[in-house]
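J.: One-letter residues, chain by chain:
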Amino acid sequence: MTTTTPPSAPERVHPYRGTKVRRQRVRAAWTFLAPMLVTLALVAGWPLLRTFYFSLTDGTLSALGAANFIGLENYLVYDEGEWYGLLTDPMWWRSVWNTLFFAMVSVSLEVVFGVIVALILNAEFKGRMLVRAAVLIPWAIPTIVSAKMWAWMLNDQFGIINHLLMTLGLIDSPIAWTASTTYSMWAVIMVDVWKTIPFVALLALAALQMLPKDCFEAAEVDGIHPVRVFFKVTLPLITPALMVAVIFRLLDALRVFDVIYVLTSNASSTMTMSIYARQQLVEFQDVGYGSAASTLLFLIIALVTVAYLYLGRNQLQLGGD
Amino acid sequence: MTSRRFNKLATRIGFWVLVAVVLIYAIFPFYYAVITSLKPSSELFSVSYWLDSLDFSNYAQIFSQSSFVRAIFNSILVSISVVAIALLLGITASYALGRVRFRGRTTVMLVVLGVSMFPQVAVLSGLFEVIRGLGLYNNPAGLILSYTIFTLPFTVWVLTTFMKQLPQELEEAAIMDGATPWVTITKVFLPLMWPAMATTGLLAFIAAWNEFLFALTFTLSDHQRTVPVAIALISGGSQHELPWGPIMAASVTVTVPLVVLVMIFQKRIVSGLTAGAVKG
Chain F
1 MTTTTPPSAP ERVHPYRGTK VRRQRVRAAW TFLAPMLVTL ALVAGWPLLR TFYFSLTDGT
61 LSALGAANFI GLENYLVYDE GEWYGLLTDP MWWRSVWNTL FFAMVSVSLE VVFGVIVALI
121 LNAEFKGRML VRAAVLIPWA IPTIVSAKMW AWMLNDQFGI INHLLMTLGL IDSPIAWTAS
181 TTYSMWAVIM VDVWKTIPFV ALLALAALQM LPKDCFEAAE VDGIHPVRVF FKVTLPLITP
241 ALMVAVIFRL LDALRVFDVI YVLTSNASST MTMSIYARQQ LVEFQDVGYG SAASTLLFLI
301 IALVTVAYLY LGRNQLQLGG D
Chain X
1 MTSRRFNKLA TRIGFWVLVA VVLIYAIFPF YYAVITSLKP SSELFSVSYW LDSLDFSNYA
61 QIFSQSSFVR AIFNSILVSI SVVAIALLLG ITASYALGRV RFRGRTTVML VVLGVSMFPQ
121 VAVLSGLFEV IRGLGLYNNP AGLILSYTIF TLPFTVWVLT TFMKQLPQEL EEAAIMDGAT
181 PWVTITKVFL PLMWPAMATT GLLAFIAAWN EFLFALTFTL SDHQRTVPVA IALISGGSQH
241 ELPWGPIMAA SVTVTVPLVV LVMIFQKRIV SGLTAGAVKG
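Taken in sequence, the protein lines are chains F and X.
According to the UniProt record's numbering, the first sequence is numbered sequentially starting from 1.
According to the UniProt record's numbering, the second sequence is numbered sequentially starting from 1.
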């Protein structure tokens, strides 16, 4: 007890360094971390390594133990004058393109509409809390449920959306939203955007509420047009927060599975990398090939994350030191 | 009316129109699911925007299926267990990460952040092997274990953020009194962490309740499924005649508790989401 420094000493001078209390604390810290680290190793680290390994084997779902090492043959192999493997499969490249298209378009739309909703919620008006609560509803609805709800609304024969569009005279005949190769990707994007606007809006709103009030008052006094104020002052100030929302959403969009599986199943016009990998793994039982697709998906997402951390390293403070 | 006053009025009207559009956009799909679920199947195929009468036959139908009732039970069991495990492991880990300075702390934070970015499908085959090796295939316990991959990193991250904000003096007083780290956590920090734990617990609950890919892959029989899988797999005579009434009734049943929770705890959820993202 006598070895501790006065309570007022700031932590950054390491008040307990080298003392018994400090050693005890560090030991306790690792003891406390151990269960979490063991769990993460069991459900994340080890399975990931096994997936990497399976991608180099010819394993099948029913006989995982009997998998033979075949090198990179799942990825690319030259056999009797022709190239085979994941990297030569047009369907794989189609799913890569679909995933990138989906991620780019849906995240962009979510950011634009999310900011608009945040600006509305940032204004002072009667019933604002009620509107904020209502805006949260799509976020609270399970993805599967929202996909089913929209599948029903987009139903080609009895769906309310075709009914509405035909009543308004915008279309002449019903559109098969989820079955058509032209519209199904847009249907998927529409559902995803609906579900995730609240998330982006809340992050943008939190950023808006932290802005200093006085510079907006000054702009108003000077008679500067609100639209100009938004693009010159507000937007630059909330961009860091928006970038955080963008990376979260982008990582989610690149691994999208649920909404597409329910809306359009394994249709090739909306097949994404996750759908492709799971189809190979579970439906075709080809663990080797499916794991190769999973591995590439992991590498692409890791690349995006590293690129983001590298570009945004000044804004992101790990652990807030 | 002067043009200035007219402009002001037009702005106000435009603003309220915008609010109305946002409200309808946010609420209408759920509202439409509710009214669809309350229609008899004969009326399903004529589009209408409101209800003339209430009909609970769709609800009666889904609740008469033992597999659906069982799926709700499974979902509750899995979600609550996942929350309990994530909070227990999360609170101790966040004490270590938020209050103690030691070598390798930043590395551990990076690992936690990295795991939260794993695409679920990337661990699917490896996790399938682990779950089958432990004898947990087609068992809710397998789902509870696998769901820690996305609930635990998030819980640790947010709780660490909250843990850091607690005043230093509290802990120093405890150390002066000779309290061990475990006593410090349970007696000093735990009472102060309840709000943060409620927030993260709620978000973990929602994430577990909604999870689909693992539940679809790691369960096989109707009676081991969770509700998202049960709903996704409701099917009719063919692809083109899905029983929309019962599907909507099931959807509304599993969504209403979540919507109520979110409405009650909206302040907490907002603070949890922003703490996890903005401060991260």
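Source of the hints: derived by calculation from the structure; they are not laboratory data.
Where is the CB? At the ideal position from N, CA and C, for every residue including glycine.
Hints are supplied without guarantee of correctness; some may be wrong.
[Said to hold, decoys possible] FRET-style restraints, in silico, Cβ to Cβ:
id, chain 1, residue 1, chain 2, residue 2, range
1, X, R12, F, M243, 27 to 35 Å
2, X, R12, F, M91, 35 to 43 Å
3, X, Y25, F, L235, 48 to 56 Å
4, F, F284, X, L54, 43 to 51 Å
5, X, R12, F, E217, 15 to 23 Å
6, X, R12, F, L130, 15 to 23 Å
7, F, L165, X, A10, 25 to 33 Å
8, X, L261, F, V112, 50 to 58 Å
9, F, L235, X, L261, 29 to 37 Å
10, X, L261, F, L299, 55 to 63 Å
[Claimed, not checked] Stretch by stretch, here's where chain F covers chain X in the computed footprint (C-beta under 8 Å, at least three residues):
id, segment
11, 56-67
12, 71-81
13, 138-145
14, 187-193
[Said to hold, decoys possible] Lysine-lysine pairs mimicking DSBU-like chemistry, simulated, CA-CA at most 30 Å apart:
id, chain 1, residue 1, chain 2, residue 2
15, F, K213, X, K187
16, F, K213, X, K164
17, F, K126, X, K187
18, X, K164, F, K232
J.: Take the hints in turn and mark each one as holding or not.
T.: Hint check results:
1. X:R12 to F:M243: 27 to 35 Å: holds, 33 Å
2. X:R12 to F:M91: 35 to 43 Å: Given about 54 Å between the Cβ atoms, the range is violated.
3. X:Y25 to F:L235: 48 to 56 Å: violated, 23 Å
4. F:F284 to X:L54: 43 to 51 Å: About 46 Å separates the Cβ atoms of F284 of chain F and L54 of chain X, which means 43 to 51 Å holds.
5. X:R12 to F:E217: 15 to 23 Å: holds, 20 Å
6. X:R12 to F:L130: 15 to 23 Å: holds, 18 Å
7. F:L165 to X:A10: 25 to 33 Å: At 29 Å between Cβs, range holds.
8. X:L261 to F:V112: 50 to 58 Å: About 29 Å separates the Cβ atoms of L261 of chain X and V112 of chain F, which means 50 to 58 Å is violated.
9. F:L235 to X:L261: 29 to 37 Å: With a Cβ separation near 34 Å, L235 of chain F and L261 of chain X satisfy 29 to 37 Å, so the hint holds.
10. X:L261 to F:L299: 55 to 63 Å: Given a distance of about 37 Å, which is not inside 55 to 63 Å, the answer is violated.
11. 56-67: Result for this restraint: violated, n = 0.
12. 71-81: Coverage by chain F is violated for the segment 71-81 of chain X (0 residues, Cβ < 8 Å).
13. 138-145: Not satisfied, violated; 1 residues make the cut.
14. 187-193: Not satisfied, violated; 0 residues make the cut.
15. F:K213 to X:K187: violated, 41 Å
16. F:K213 to X:K164: Holds. K213 of chain F to K164 of chain X sits at ~28 Å (cutoff 30 Å).
17. F:K126 to X:K187: Violated, at about 43 Å.
18. X:K164 to F:K232: At roughly 35 Å apart (the allowed maximum being 30 Å), K232 of chain F and K164 of chain X break the hint.
The structure shown violates the earlier hints numbered 2, 3, 8, 10, 11, 12, 13, 14, 15, 17, 18.
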